[in-house]
Structures are given as structure tokens and as C-alpha cells.
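Q: Chains as they are written, first to last, in our numbering: chain A, 1 to 318; chain B, 319 to 636.
It should be emphasised that the hints constitute simulated quantities derived from the structure, not laboratory data. Please read these numbers as outputs of a predicted model, since none were measured by experiment. Check each hint, because a few of them may be wrong.
Between beta-carbon pairs, the in silico distance windows are [to be verified]:
#1 B/Asn397 / A/Cys308: 23 to 33 Å
#2 B/Lys414 / A/Cys308: 31 to 41 Å
#3 A/Pro109 / B/Gly610: 28 to 38 Å
#4 A/Glu257 / B/Glu595: 43 to 53 Å
#5 B/Asn397 / A/Ser80: 28 to 38 Å
#6 A/Lys235 / B/Gly628: 42 to 52 Å
#7 A/Asn125 / B/Glu595: 52 to 62 Å
#8 A/Glu257 / B/Phe445: 27 to 37 Å
#9 A/Glu134 / B/Gln609: 18 to 28 Å
#10 B/Asn397 / A/Asp111: 29 to 39 Å
#11 B/Lys489 / A/Glu99: 54 to 64 Å
#12 B/Tyr635 / A/Asn92: 51 to 61 Å
#13 B/Lys577 / A/Pro109: 16 to 26 Å
Below, simulated DSBU-like cross-link-like pairs (lysine-lysine); rule was C-alpha separation at most 30 Å, straight line [said to hold, decoys possible]:
#14 B/Lys572 / B/Lys489
#15 B/Lys370 / A/Lys254
#16 B/Lys617 / B/Lys592
#17 A/Lys313 / A/Lys274
#18 B/Lys532 / B/Lys494
#19 A/Lys52 / B/Lys577
#20 B/Lys553 / B/Lys489
#21 B/Lys489 / B/Lys502
#22 B/Lys572 / A/Lys48
#23 A/Lys96 / B/Lys532
#24 B/Lys370 / A/Lys259
#25 A/Lys274 / A/Lys214
#26 A/Lys96 / A/Lys259
#27 B/Lys366 / A/Lys254
#28 B/Lys366 / B/Lys631
#29 A/Lys184 / A/Lys171
#30 B/Lys502 / B/Lys532
#31 A/Lys188 / A/Lys176
#32 B/Lys414 / A/Lys113
#33 B/Lys414 / A/Lys96
#34 B/Lys572 / A/Lys52
Here are some chain B residues the structure puts well away from chain A; computed CB gaps all over 10 Å [said to hold, decoys possible]:
#35 Tyr345
#36 Glu402
#37 Arg441
#38 Asn491
#39 Asn499
#40 Glu595
Positions of the beta carbon are idealized from the N, C-alpha and C atoms, including for glycine.
Number of protein chains: 2
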Amino acid sequence: MLDLALLGSGGSMPMPDRFLSSLLIRYNGRKILIDCGEGTQVAMRILKWGFKSIDIICITHKHGDHILGLPGLLATIGNSGRTEPILIIGPNGIAKIIEGLILSLSYLPYDIKLMEVSNSSTRVNFFQEGVEIEEVYNNYSSNGDLIISTLELDHSAPCIGYSLYIPRSPKFNPEKATYYNIPKNLWKNLQRGETVTYEGNIIEPHMVLEGSRKGIKLSYITDTRPIRAIPDFIKESDLFICEGTYGDSEDIGKAIENKHMTFSEAAQLAYEGKVRELLLTHFSPAMEEPQGYIENAAKIFPNTIIGCDGYIKTLTYS
Amino acid sequence: MLDLALLGSGGSMPMPDRFLSSLLIRYNGRKILIDCGEGTQVAMRILKWGFKSIDIICITHKHGDHILGLPGLLATIGNSGRTEPILIIGPNGIAKIIEGLILSLSYLPYDIKLMEVSNSSTRVNFFQEGVEIEEVYNNYSSNGDLIISTLELDHSAPCIGYSLYIPRSPKFNPEKATYYNIPKNLWKNLQRGETVTYEGNIIEPHMVLEGSRKGIKLSYITDTRPIRAIPDFIKESDLFICEGTYGDSEDIGKAIENKHMTFSEAAQLAYEGKVRELLLTHFSPAMEEPQGYIENAAKIFPNTIIGCDGYIKTLTYS
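Sequences and hints are given; from them, build the entire structure.
A: Quick look at the structure:
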């Protein structure tokens with residue numbers, strides 16, 4: 001189970017009635033933040049999910065509306081008493097930008113690890129002391145607490161999309177466990193994928209687990225043109241969060257010029273990617289009522305939601 | 319005449335119901351901003367005084383609550399169509415911090431001039447193309463559109479206070495002008511301090527102007543302990559804007575430790591500096607109702623105002 005909160009739904013500039021696009025994910029007591037424009041820490045304070053347990057911050061690109069809230073947030077996380085390191089992931093070139101942004105911070109009580117990626121998959125395990133990461137080559141690996149995959153997008157600065165996958169362990173077969181005379185107090189360990197030893201015998205999880213089960217997949221794509229690689233990257237996501245900078249399909253010229261998308265382009269990606277649900281965000285400040293354009297997306301992909309600041313959702317295993 | 323708006327009244331961290339301390343000054347169609355914490359551009363958007371005509375940004379010190387809104391604001395000013403340079407003034411070491419903060423900005427359509435100062439006085443003249451500055455040695459010089467003076471304060475990072483002085487030209491004596499047979503259409507030029515030529519005669523302003531008149535003085539002091547140099551620096555200000563991080567005088571221990579002031583300490587400075595009015599700001603996030611502590615200041619300096627976001631005031635020649 002995973003909770004998510006869309007902290008803001010705006011693009012370009014922070015506005016009095018709309019925070020900048022940013023997503024906070026809560027999973028097993030740990031948190032991941034995607035993007036951090038100016039004001040994100042204020043939106044987080046309204047949400048009241050706390051600051052201390054943010055282990056990973058994913059940055060899509062260096063533009064101000066996605067990154068300028070970072071130094072203030074890092075200072076506030078420091079004030080929350082965190083001492084475990086924070087991992088910040090971003091596209092190539094982001095480390096130098098972040099190092100510049102945090103020059104003003106005199107002291108942080110935790111370390112920052114910066115990781116630049118392009119097209120990648122990283123296995124993440126959460127520990128009390130922070131996270132352990134490892135590069136992987138299969139998004140659907142059943143090991144690890146979480147797989148974070150990234151995809152290079154097509155924007156006016158190096159930009160990456162994110163996909164988060166929470167694997168689900170295969171189904172436990174109690175008949176097999178009974179057949180092997182495994183005591184019930186060890187079943188939970190095997191179910192978690194752990195090897196156990198009982199009366200000198202080594203019992204492997206595969207002896208009692210069968211079939212693979214789909215985990216939870218969440219994808220986050222902004223800012224970009226709708227490139228060919230996206231449908232495969234977001235494939236079968238439970239939730240596809242996508243930029244919809246322009247609601248009006250007649251703004252396609254602006255979308256092409258500024259390397260963004262219209263609602264209908266985002267919906268087409270959702271359709272091709274066979275996702276379960278599409279959540280639109282990153283609205284142009286010029287678009288006061290994004291809800292008024294929902295039909296431009298819904299006629300292509302009916303299961304479309306127009307995002308708004310503070311939108312909360314829980315994703316569960318299906 | 320000078321208009322000012324207290325954009326925010328908070329210190330430390332931006333809060334959902336309180337912007338960070340920042341002051342916008344409007345004078346003769348030009349603007350000066352003092353401090354720019356995260357969210358300042360949003361407070362400016364609510365104020366609706368526009369972004370394009372900000373010629374000078376004064377930064378007190380490098381702490382996040384005074385500077386982290388700068389890159390976003392500079393980008394938004396760029397979007398407003400400004401092409402004239404902007405002068406940014408700050409304490410020693412600020413240039414490197416600002417250069418780091420603006421690394422993420424790909425392009426600005428105007429130049430930024432960075433000026434580091436400690437104890438100084440600078441004469442400013444506003445032009446269509448930006449500002450012209452010159453170091454001066456007398457705060458009360460009658461030349462120039464504005465004198466910006468700075469004072470080194472006592473905080474946990476290099477920090478400076480600001481005093482803005484708008485000189486007032488001496489009084490025009492129409493009897494003398496009549497005596498010299500100066501035609502009325504030239505009186506305005508002489509009144510402005512300009513030398514004019516009429517029928518081959520050079521007429522100097524001092525021939526028709528007499529006596530010096532006090533201009534408008536505005537002082538801004540945050541973050542600091544109440545050092546001895548402050549009363550003289552703020553002397554006879556029409557408005558003294560001062561930090562009052564702690565309303566409760568029992569928080570003096572925290573004030574000393576964190577290098578801030580209580581309401582009563584700020585009021586004592588206002589009293590010693592013989593200012594006309596005191597406006598308190600930069601309230602600790604822990605202080606929800608600063609108004610509740612007004613007596614701690616007012617019993618020392620009765621003419622005290624507790625600042626709030628969006629507080630607007632006009633200062634005129636007295």
C-alpha cells in the first residue's frame with residue numbers, strides 16, 4: 001500500500017492559489033518526494049505528513065519551478081531532527097545546480113548523496129539509517145522495497161521521468177509448507193522471501209511460493225513532449241501522473257515551442273501505456289480552471305483526473 | 319512620498335499563514351525590495367505592484383529566510399519583460415551565495431550587478447535605464463534621488479541593516495525669484511536644484527532656495543542583537559522597521575542564543591533612536607499571535623505597530 005499527495009498542481013511560477021507541481025509518496029513509514037519548487041515546504045506543512053522521514057528526493061530537471069524549494073526544504077528537514085542521509089536523484093548536471101543552491105545553508109545535521117542518472121533502474125531498500133541502493137536491470141524484480149526507474153525526456157533542459165514500482169512477493173502455498181513439515185512460525189519469513197533453517201534443513205522460499213504477482217506501479221512524467229519511449233516506460237501503471245500544461249488542444253503550438261504537452265497528448269500516452277488511471281498536473285498559470293478542459297483528455301482516456309493542490313490517493317495491490 | 323508594503327512578517331521558515339519578512343518600497347515609479355525569502359514573489363503577486371520596475375534588491379544576510387526567494391523572483395522579473403540591470407546589495411560574502419542560487423536560471427534578459435558592503439552610504443539616481451550609484455560620506459546630502467546607508471549588525475552570519483533617505487530640496491523663495499526677474503516657467507527647474515540660463519544670465523538654485531529641509535527616512539533592521547550603533551543609524555527615522563522575533567521578554571535567553579531581539583529590545587532602540595514610529599516584523603513561527611505581546615514594546619515606545627503580511631503605509635515629507 002502506498003499513499004501519495006499531489007502537493008501542488010502548477011507549472012512555471014508559484015501562484016497565490018496554486019502551489020508548484022510536486023508529489024509526496026508515503027510507503028511503509030518512509031517518504032519520497034518528487035520535485036520541489038518554491039513553496040513545496042509550505043504545501044507539506046499544510047499536508048501535515050511531517051518532514052523527518054523523507055529518504056529520497058527525485059528531481060526531474062533544473063528549472064526553478066521544480067527545484068527552487070529544495071534549499072529551504074532541506075533546512076526545514078534539518079530542523080526536524082533528521083540525521084540519516086538523504087538521497088537526491090536527478091538528471092545529468094543536477095549535482096552542480098544543487099550544490100549551488102545549498103551554498104547558503106550553513107549546516108545540515110545529515111549528509112546529502114547526489115546521484116545523476118539518465119535511463120536507469122535502481123533497487124532501493126529502506127533502513128532505519130537511510131536507504132541502500134543498487135542498480136538493477138529488471139524493473140519487475142521481486143527483490144527490494146522499491147524500484148525507481150528513470151527515463152530521459154524531451155524538454156528544454158535535461159529532464160527525466162520517474163517510475164516507482166513496489167514489488168509484490170509471490171503467493172504462499174500452505175499445502176506445500178505442510179507437505180515439508182515447516183512449522184507455522186516460520187511461514188511469515190518464507191512469505192517475505194527469506195531462506196530459513198529448521199532442524200538442520202535449509203528451506204528456500206521457492207519451495208512454498210508460486211507464481212509472480214504484479215506490484216504497485218506509479219509513474220510521473222513532466223516536463224516533456226510526448227516521446228515514443230513513454231508508453232512502454234509507464235506501461236500498466238496503477239497511476240500515471242503526467243503534465244498537462246495546456247488544456248486547450250489549440251495550444252499545441254505553444255506546447256511544441258515550450259516542450260510541454262496538451263491534455264489530449266497526455267491522455268494519448270495514458271491510452272497507449274494501458275495505465276489504470278491518469279492524473280493531470282503542472283497547469284499553466286494562464287489556465288485558471290483546468291477542470292473545464294477535462295473532456296479533451298477524457299474522450300481519449302476516460303479514467304482521467306484533473307489534479308489539484310492537496311489531492312490524496314492510496315494505491316493498493318490489485 | 320514613498321509607499322511601502324511589508325510583504326511578509328515571519329522569520330525562520332515560510333508558514334501557510336505567514337510569508338517571510340520582506341519589504342517592498344515604491345518611490346517615483348521605481349521599486350526597491352529588501353530581503354527575499356521563499357515565497358516573496360507570491361506575496362508580491364498578491365500585492366499587485368508589479369515586478370518589472372524593481373531596480374534594487376537589498377539583502378540583509380545569507381540565511382534562507384532572507385534570500386531563498388531570490389532566484390525565483392529574478393526569473394519572474396525576467397518574464398515581466400525587464401531588460402534594465404538590477405542592482406543587488408548585500409553584506410560581504412553574499413555575491414558567491416547569490417551566484418550559486420542563480421546557477422539554475424538558464425537565461426535572464428537583464429544584467430545583475432552585485433555589490434558587497436559593510437558600513438556604507440550610497441547615493442542612488444534612478445534613470446529609465448536603471449540606477450546610477452556613487453559612494454557618499456554624508457547621509458543627509460541633498461543630491462540624488464535616494465541615499466542607501468548600511469550598518470554591520472550582530473548576527474550568526476554577516477548581516478547588515480539598511481536606512482533609506484529621500485532628500486528634500488530646500489524651500490523655494492518666490493520673492494527672490496521675482497527680484498531676479500526669473501520667468502515663472504523656469505521656477506520649477508530651480509526648485510528641483512537645476513541651474514538655468516535666461517537671456518544670457520546663469521541663474522543658480524541657491525539664489526532662490528533657502529534653508530535645508532528634512533527628507534524621508536526609513537530604516538530596516540533584522541536579524542541582530544540590539545547593538546550600540548543602531549540608535550544613531552536609525553536616528554529620527556520616520557519609520558523604523560525592526561525584527562521582533564520574540565514577543566515575550568522571558569525569551570531573552572533564546573534571543574541572545576540565536577542573535578535576535580525581543581519586542582522590548584526593539585522598542586528600546588526605537589526610543590533611543592528618537593524615531594517617529596516602530597513597525598515590528600520577523601516573528602518566530604512559534605508566536606502565533608504577535609499582537610498579544612504589543613504591550614511589551616508599547617510601554618517603552620508607545621508608537622509601535624505589530625506588522626502583518628500585506629501591511630501598507632505611505633511616508634510623506636513632514
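Q: Among all the numbered hints in the text so far, which are the ones the structure does not match?
A: The structure conflicts with hints 9, 14, 23, although it agrees with all the remaining ones.
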